[in-house]
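Enquirer: Sequence order for the protein chains is A and B.
Under our numbering, the first residue of the first sequence is numbered 1, with each subsequent residue one higher.
Under our numbering, the first residue of the second sequence is numbered 1, with each subsequent residue one higher.
Keep in mind the hints are simulated off the structure, nothing from the lab.
There could be a bad hint or two in this list.
[To be verified] Have a look at the derived ranges for each label pair, beta carbon to beta carbon: (1) A:Ser79 with B:Gly62: 24 to 32 angstroms; (2) B:Tyr64 with A:Asn59: 40 to 48 angstroms; (3) B:Ser42 with A:Arg18: 26 to 34 angstroms.
[Said to hold, decoys possible] One side only, chain B facing chain A, incomplete, derived with CB under 10 angstroms: (4) Tyr25; (5) Ser41; (6) Ile46; (7) Phe47; (8) Gly52; (9) Tyr64; (10) Phe68; (11) Leu84; (12) Gly85; (13) Ala88; (14) Ala93; (15) Arg95; (16) Lys104; (17) Thr109.
[Said to hold, decoys possible] Keeping only pairs whose Cα atoms sit at most 25 angstroms apart, straight-line, the calculated DSS-like set for lysine-lysine is: (18) A:Lys57 with B:Lys112; (19) A:Lys57 with B:Lys104; (20) B:Lys73 with B:Lys112.
Here a beta-carbon is modelled for each residue, glycine too, at the ideal position from N, C-alpha and C.
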Amino acid sequence: DSGVTQTPKHLITATGQRVTLRCSPRSGDLSVYWYQQSLDQGLQFLIQYYNGEERAKGNILERFSAQQFPDLHSELNLSSLELGDSALYFCASSVAPGTRQETQYFGPGTRLLVL
Amino acid sequence: AQKITQTQPGMFVQEKEAVTLDCTYDTSDPSYGLFWYKQPSSGEMIFLIYQGSYDQQNATEGRYSLNFQKARKSANLVISASQLGDSAMYFCAMREGASGGYQKVTFGTGTKLQVIP
């Protein structure tokens, strides 16, 4: 158990819908990362937050957005869902990026299926 | 150009033998971090080992060691005394960018390791 929690574990929805994925980082970790893992694209970095502020952006679609709240939990919002958005979405957290404590610990993931 | 290259899509190793999983990286950033993760069939991502670009010594964590050759831009994972539970997908990853600035993490395509009894 990494200490990172993600809810829900599984999500089935229809095309065009909107969903919210939630992540609680390990106690003391200020940085949260979101990743998408699909069979054809591999593991893709989406976005990073550090202490409530967006710090880095990867291959995140405009239909996707995220935020980190004052209590440091984070939410990833996926809208206008398409079949290709079906994937395993991971959240990871670290104490601080760019330091020796930057190791990212991953949550169990949310498996999203868009029908 | 690929930022992280893992050239071995799949590998077999005999139980109790050592195995090396290859990883090369490409960056012009002087400050970066290298990671290895294990993903069993259950799906979770398990952190194995970390190497900072300024670290003088190769990282070790139990049976895992990272063979860091900075000039060759390689960061190979060595697993000693393989166990059946080591059968999994292994990902190499790199963080670029210094503290306080823009950062990005890139993962390789992974190597599927199968340990044979």
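Enquirer: For every hint, state whether the structure bears it out.
Expert: Hint-by-hint comparison with the structure:
With their beta carbons about 43 angstroms apart, serine 79 of chain A and glycine 62 of chain B fall outside the hinted range of 24 to 32 angstroms. Distance hint for tyrosine 64 of chain B and asparagine 59 of chain A: a CB-CB separation of about 29 angstroms, inconsistent with the stated range 40 to 48 angstroms. As the Cβ distance of serine 42 of chain B to arginine 18 of chain A is approximately 29 angstroms, the hint placing it in 26 to 34 angstroms holds. The interface hint given for tyrosine 25 of chain B is broken, as the beta carbon of that residue sits about 15 angstroms from the closest beta carbon of chain A, more than 10 angstroms.
A distance limit of 10 angstroms between C-beta atoms decides the matter here; for serine 41 of chain B the minimum to chain A is near 13 angstroms, and the interface restraint is violated. The closest approach between the C-beta of isoleucine 46 of chain B and any C-beta of chain A is roughly 8 angstroms, which is under the 10 angstroms cut-off, so the hint is satisfied. Taking 10 angstroms as the C-beta contact cut-off toward chain A, the hint placing phenylalanine 47 of chain B at the interface holds, the least distance being around 6 angstroms. Proximity of glycine 52 of chain B to chain A holds as hinted, the smallest CB-CB distance being about 6 angstroms (cut-off 10 angstroms).
For the restraint placing tyrosine 64 of chain B at the interface with chain A, the shortest Cβ-Cβ distance is roughly 13 angstroms, beyond the 10 angstroms limit, so the hint is violated. Because the beta carbon of phenylalanine 68 of chain B sits about 15 angstroms from the nearest beta carbon in chain A, more than 10 angstroms, this interface hint is broken. Here the hint on leucine 84 of chain B is broken, as its CB sits about 22 angstroms from the closest CB of chain A, past 10 angstroms. Hint status for glycine 85 of chain B: violated, given a least beta-carbon distance of 17 angstroms to chain A, over 10 angstroms.
Because the closest C-beta pair between alanine 88 of chain B and chain A is about 14 angstroms apart, greater than 10 angstroms, the hint is violated. Given hint, alanine 93 of chain B at the interface with chain A, holds; its Cβ is 8 angstroms from that chain's nearest Cβ, closer than 10 angstroms. A hinted interface residue such as arginine 95 of chain B counts as satisfied when its beta carbon comes closer than 10 angstroms to some beta carbon of chain A; here the least separation is about 6 angstroms, so the hint holds. At a threshold of 10 angstroms, the smallest CB-CB gap from lysine 104 of chain B to chain A is about 5 angstroms, leaving the interface hint in force.
Given the 10 angstroms rule on beta carbons, the hint for threonine 109 of chain B holds: about 5 angstroms separates it from the nearest Cβ of chain A. A hinted pair counts as satisfied when its Cα atoms are at most 25 angstroms apart, and lysine 57 of chain A with lysine 112 of chain B does not qualify at roughly 28 angstroms. Restraint check for lysine 57 of chain A and lysine 104 of chain B: the C-alpha separation of about 7 angstroms stays at or below 25 angstroms, so the hint holds. Taking the CA atoms of lysine 73 of chain B and lysine 112 of chain B, the gap is about 22 angstroms. The hint holds against a cut of 25 angstroms.
Violation of the numbered hints given earlier is confined to hints 1, 2, 4, 5, 9, 10, 11, 12, 13 and 18; the remaining hints are satisfied by the structure.
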